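From just these sequences and the hints, can you work out the full model?
Residue numbering for the sequence shown is 0 to 147, as defined by numbering that gives the first Met the number 0.
Since the hints were made in silico from the structure, they are not lab data. Incorrect hints may appear among the rest.
[Claimed, not checked] Okay, derived cross-link-like pairs now, SDA-like style, lysine to any residue, Cα gap no bigger than 20 Å in a straight line:
#1 Lys-21 <-> Met-100
#2 Lys-21 <-> Thr-109
#3 Lys-21 <-> Asp-47
#4 Lys-21 <-> Glu-55
#5 Lys-21 <-> Val-101
#6 Lys-21 <-> Arg-119
#7 Lys-21 <-> Val-113
#8 Lys-21 <-> Ser-54
#9 Lys-21 <-> Ser-82
#10 Lys-21 <-> Ala-49
#11 Lys-21 <-> Asp-126
[To be verified] Pairwise CB distance ranges (calculated):
#12 Pro-35 <-> Ala-71: 12 to 20 Å
#13 Cys-37 <-> Glu-99: 29 to 37 Å
#14 Thr-73 <-> Arg-39: 16 to 24 Å
#15 Ala-41 <-> Gly-121: 17 to 25 Å
A quick note: this is a predicted structure, and the numbers were derived from the prediction, not measured. By construction, the Cβ of each residue, glycine as well, lies at the ideal position given by its N, Cα and C atoms.
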Amino acid sequence: MLVCVLLTWADPRVVRASCGLKLPPRSTILNEFRRPPCPRCAGQRGIDYATSAGSELDSVARGRVSFAGQVAGTLYVVVDTGSVRVTHGGLQAIAVETGEMVARGQVVGTAGPVTYIGVRRGDWYVDPLACGVRRTRLVAEGDRDPHR
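See below:
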């Protein structure tokens, strides 16, 4: 049993712990992550969010910008956290440069109508929702102010 657990945990395609991402809290997901069956097979390697075109796009991770530029007509910013690489795609403009350190929540560009967030651990894409930081607070029954 222990061997099976260790093998599953060691597989980079399986994410058990948080990657420290701060995903958009109230954004509509247009396309969910669908892991491809092989590295070059078809699949949805991240999440597409509906965003307000022209709004500021914040980095969902802290790390060093490993790429900021255009691929096939689409603007991307990739942040390397040291454990995963996080891709922010679908930008209208880029506000950071390759090599720059960014904080989680720092503006990295201007969003288009759809923003893509993808996460890679090594050569494998992982579900960004499995990496997201979700802050949950229990609220007692009858508590009228859940934000205090």
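Using the C-beta atoms of Pro-35 and Ala-71, is the stated range 12 to 20 Å upheld? 18 Å, holds
Against the 20 Å threshold, does the CA-CA distance of Lys-21 and Val-101 hold or violate the hint? 13 Å, holds
Given pair status - Asp-47, Lys-21, alpha carbons within 20 Å: With Cα atoms ~15 Å apart, Lys-21 and Asp-47 stay inside 20 Å; holds.
Pair hint Lys-21 and Ser-82, alpha-carbon separation not exceeding 20 Å: With Cα atoms ~15 Å apart, Lys-21 and Ser-82 stay inside 20 Å; holds.
Does the alpha-carbon distance linking Lys-21 and Asp-126 stay inside the 20 Å limit? 13 Å, holds
Within 20 Å, alpha carbon to alpha carbon, are Lys-21 and Arg-119? 16 Å, holds
20 Å Cα cutoff - pair Lys-21, Thr-109: The hint holds at about 17 Å.
Hinted pair, alpha-carbon criterion (20 Å max): Lys-21, Val-113. Please report holds or violated. 18 Å, holds
Look at the Cβ atoms of Ala-41 and Gly-121 and judge whether their distance stays inside 17 to 25 Å. About 20 Å separates the Cβ atoms of Ala-41 and Gly-121, which means 17 to 25 Å holds.
Hint consistency between Lys-21 and Glu-55 [alpha-carbon to alpha-carbon, up to 20 Å]: 15 Å, holds
Could you grab the alpha-carbon distance between Lys-21 and Ala-49 and see if it respects the 20 Å cut-off? 16 Å, holds
Pair hint outcome, Lys-21 versus Met-100 [Cα-Cα no greater than 20 Å]: 17 Å, holds
Comparing the model with each earlier hint shows no violations; every hint is respected.
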